[in-house]
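Taken in order, the sequence shown gives residues -20 to -1, 1 to 373; the numbers are from mature numbering (1 follows the signal peptide of the UniProt record, and there is no 0).
Rather than coming from a laboratory, the hints here were simulated on the basis of the structure.
The model shown is predicted, which means the values in this text are computed figures rather than measured ones.
All C-beta atoms, glycine included, are put in the ideal place defined by N, C-alpha and C.
Misleading hints may appear alongside valid ones.
What the hints assert, rightly or not - Result set (BS3-like, lysine-lysine): computed pairs, CA atoms no more than 27 angstroms apart in a straight line:
{"no.": "1", "residue 1": "Lys246", "residue 2": "Lys146"}
{"no.": "2", "residue 1": "Lys228", "residue 2": "Lys77"}
{"no.": "3", "residue 1": "Lys77", "residue 2": "Lys118"}
{"no.": "4", "residue 1": "Lys343", "residue 2": "Lys56"}
{"no.": "5", "residue 1": "Lys296", "residue 2": "Lys355"}
{"no.": "6", "residue 1": "Lys63", "residue 2": "Lys146"}
{"no.": "7", "residue 1": "Lys257", "residue 2": "Lys148"}
{"no.": "8", "residue 1": "Lys63", "residue 2": "Lys20"}
{"no.": "9", "residue 1": "Lys233", "residue 2": "Lys296"}
{"no.": "10", "residue 1": "Lys148", "residue 2": "Lys216"}
{"no.": "11", "residue 1": "Lys246", "residue 2": "Lys228"}
{"no.": "12", "residue 1": "Lys146", "residue 2": "Lys178"}
{"no.": "13", "residue 1": "Lys148", "residue 2": "Lys247"}
{"no.": "14", "residue 1": "Lys255", "residue 2": "Lys296"}
{"no.": "15", "residue 1": "Lys257", "residue 2": "Lys233"}
{"no.": "16", "residue 1": "Lys77", "residue 2": "Lys343"}
{"no.": "17", "residue 1": "Lys228", "residue 2": "Lys148"}
{"no.": "18", "residue 1": "Lys255", "residue 2": "Lys148"}
{"no.": "19", "residue 1": "Lys296", "residue 2": "Lys257"}
{"no.": "20", "residue 1": "Lys43", "residue 2": "Lys118"}
{"no.": "21", "residue 1": "Lys238", "residue 2": "Lys335"}
{"no.": "22", "residue 1": "Lys118", "residue 2": "Lys228"}
Claimed, not checked - Okay, the calculated beta carbon distance ranges per label pair:
{"no.": "23", "residue 1": "Ser60", "residue 2": "Lys366", "range": "29 to 35 angstroms"}
{"no.": "24", "residue 1": "Thr187", "residue 2": "Lys148", "range": "53 to 59 angstroms"}
{"no.": "25", "residue 1": "Arg86", "residue 2": "Pro267", "range": "50 to 56 angstroms"}
{"no.": "26", "residue 1": "Gln120", "residue 2": "Thr68", "range": "51 to 57 angstroms"}
{"no.": "27", "residue 1": "Arg234", "residue 2": "Ser128", "range": "28 to 34 angstroms"}
{"no.": "28", "residue 1": "Pro239", "residue 2": "Glu27", "range": "51 to 57 angstroms"}
{"no.": "29", "residue 1": "Ser169", "residue 2": "Gly285", "range": "53 to 59 angstroms"}
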Amino acid sequence: MLKQILFLFLIGTVTSIATASEDVTNSNDNQNIFQKGNIKIEVSIDESPEGSVIIASTFEDGKPFIPDSFSIELQKLGSSSEKFEFQTSEGVLRSIKALSEPHSFRATIYLTDKRRKYSWEWENFEGRTQISRALTEKFQLATSEVQSGTIERHIELLGTLVIPAKNKAEVNARFSGVVETLASDVGDSVKAGDVIAKIQSNDSLQTYIVKAPISGTVVSRNVNVGQLVTSETLYKIVDAETLWAELKVFPSKRDTIKPGSYIHIKKGSRQQDAKVKFLIPSGSLEPYQIAIVEITNTEGEFSPGDMVTGVVDAQKIDVSLRVENEAIQSMDGNSVVFLNDGNTFQAVPVELGIKDDNFTEVKRGLIAGQIYVSKNSFLIKADLEKSGASHAH
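Build the full structure now, drawing on both the sequences and the hints.
Pasting the structure below:
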C-alpha cells in the first residue's frame, strides 16, 4: 500500500511539472502575461508618487484565485538580487515593499499552489543599451567606482570692482583766478605733491601752485590755460593700484562669510587670493550685505567696473557616496548616472546633494562599489535617445 501511495504521489508531481513546462509569455505596454498549463498570471508595475509596487493577478482555468505562495526574485544591473513578497489586497497580489528606480531588471516569478510549483522568467528593460568593447574604446568611455569621499563646498559671491573713495581726488582752485600753466593731462601718472597747475589769483595777482593730493592717474582735466576759474574742478585723479570688490552676501550665506574669511577673486582666467575686509549694509534696503575685499592691481590686470566672482572655500564635507560631475546627465527631466557591466549600460535616476568643482554627492539611487561611466557619458545618453529607449523616470 505504501508503494502504491508513493507511486501515485510521484505521478501527480511529474504531471504538475510537465504541465508547468508549457510556457506562454506575452507583454503589452505595462501588462505582462505568463502562462503554464491552466495557470496564468498578469503582472504590472503600479507607479505612483508614493512609490511603485508590483501587482499580480493569478488565474486558474480562467478564474481568479489566490495561490499558496507568490514571490518575485529581481536582479538589477550592478546590484544584488532582491526578493519581493506579496500580500492580498482587493483581490490582487501587491508587493509588500516598493520597487525602486530604475524599473529595469531580470526577474524570476515563483508561484506555489497545492504543492504545484511554477516559475517564469521576466525581463523588463528601460534606459538600457549595449555597446561593444570596440566602440567603448573608440569613444574613450571611462568608468569609476561609486564610493565615499570629500566634497569641498564652495560659496560663490557676485560683485563689481570699484575704486575705494580714499583713492579718488578732485583738484579744485583755492582762489578764483586765471590758469597760467597746466602740468598734467588725462592719462598722466602723478605723485602726491607734484605741481600740476599754476593759477594767478584775481585778488592778490600773485601766482599760486596746485599740487596733486594723491598719487594716481589723471582721468579728467576740465580747464584750459588762460581760463578764468572759480571753484570748479581742475582735475580728477584716481589710484587704481588698489581696488575693492563689492560682493553681495545674501542671508543664506551670512553665517559663512565673515571679516577675515579667505576668498578667491576671479575674473575669467585671472585670480587673486585675498581676505574679506569688512561687511556693510547694502544701503538701498536690498536683502543682502556687501562684503568688501581689497585686492592689489599694480599690474593693471583688473579694471574698475569689472564683474567678478568671489569664491570662498567654506568647508570640506565627507559624504557617503559621490560621483564625478561629468558622469551626470539629464534624461526625461531627471538626473541620471550610467552603470556599466561588461557591454551593458544602464541609466539610473539619482538624487543629488552638494557638489564642488569635481564631484557631486549622491543621496539616493546608487550603492557603494557600483561601476559607473565617469567620462563621455553623454555618448550613452545620445545612443539611448537615438534608439528610443531613454525612459528612466
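Do the hints match the structure? See the list:
1. Lys246 with Lys146: holds (24 angstroms)
2. Lys228 with Lys77: Since the Cα atoms of Lys228 and Lys77 sit roughly 48 angstroms apart, the hinted pair is violated (cutoff 27 angstroms).
3. Lys77 with Lys118: Status violated; Cα separation ~42 angstroms.
4. Lys343 with Lys56: holds (19 angstroms)
5. Lys296 with Lys355: holds (24 angstroms)
6. Lys63 with Lys146: Given pair Lys63, Lys146 is violated - Cα atoms ~73 angstroms apart, limit 27 angstroms.
7. Lys257 with Lys148: holds (19 angstroms)
8. Lys63 with Lys20: Holds, at about 21 angstroms.
9. Lys233 with Lys296: The hint holds at about 16 angstroms.
10. Lys148 with Lys216: holds (8 angstroms)
11. Lys246 with Lys228: Holds. Lys246 to Lys228 sits at ~15 angstroms (cutoff 27 angstroms).
12. Lys146 with Lys178: Judged against 27 angstroms, a Cα distance of about 25 angstroms means the pair holds.
13. Lys148 with Lys247: Within the cut-off at roughly 23 angstroms; holds.
14. Lys255 with Lys296: Holds, because 19 angstroms separates the two Cα atoms, which is no more than 27 angstroms.
15. Lys257 with Lys233: This hinted pair holds, its Cα atoms lying about 16 angstroms apart.
16. Lys77 with Lys343: Holds: Lys77 and Lys343 sit about 20 angstroms apart, inside 27 angstroms.
17. Lys228 with Lys148: holds (23 angstroms)
18. Lys255 with Lys148: Cα-Cα ~23 angstroms, so holds.
19. Lys296 with Lys257: holds (23 angstroms)
20. Lys43 with Lys118: It is violated: about 55 angstroms lies between the C-alpha atoms, which goes past 27 angstroms.
21. Lys238 with Lys335: Holds, at about 22 angstroms.
22. Lys118 with Lys228: This hinted pair is violated, its Cα atoms lying about 46 angstroms apart.
23. Ser60 with Lys366: 29 to 35 angstroms: Distance hint for Ser60, Lys366 holds at roughly 32 angstroms.
24. Thr187 with Lys148: 53 to 59 angstroms: violated (28 angstroms)
25. Arg86 with Pro267: 50 to 56 angstroms: Between Arg86 and Pro267, where Cβ atoms are some 54 angstroms apart, the hint holds.
26. Gln120 with Thr68: 51 to 57 angstroms: holds (52 angstroms)
27. Arg234 with Ser128: 28 to 34 angstroms: holds (30 angstroms)
28. Pro239 with Glu27: 51 to 57 angstroms: At 52 angstroms between Cβs, range holds.
29. Ser169 with Gly285: 53 to 59 angstroms: At 20 angstroms between Cβs, range violated.
When each numbered hint is compared with the structure, violations occur for hints 2, 3, 6, 20, 22, 24 and 29.
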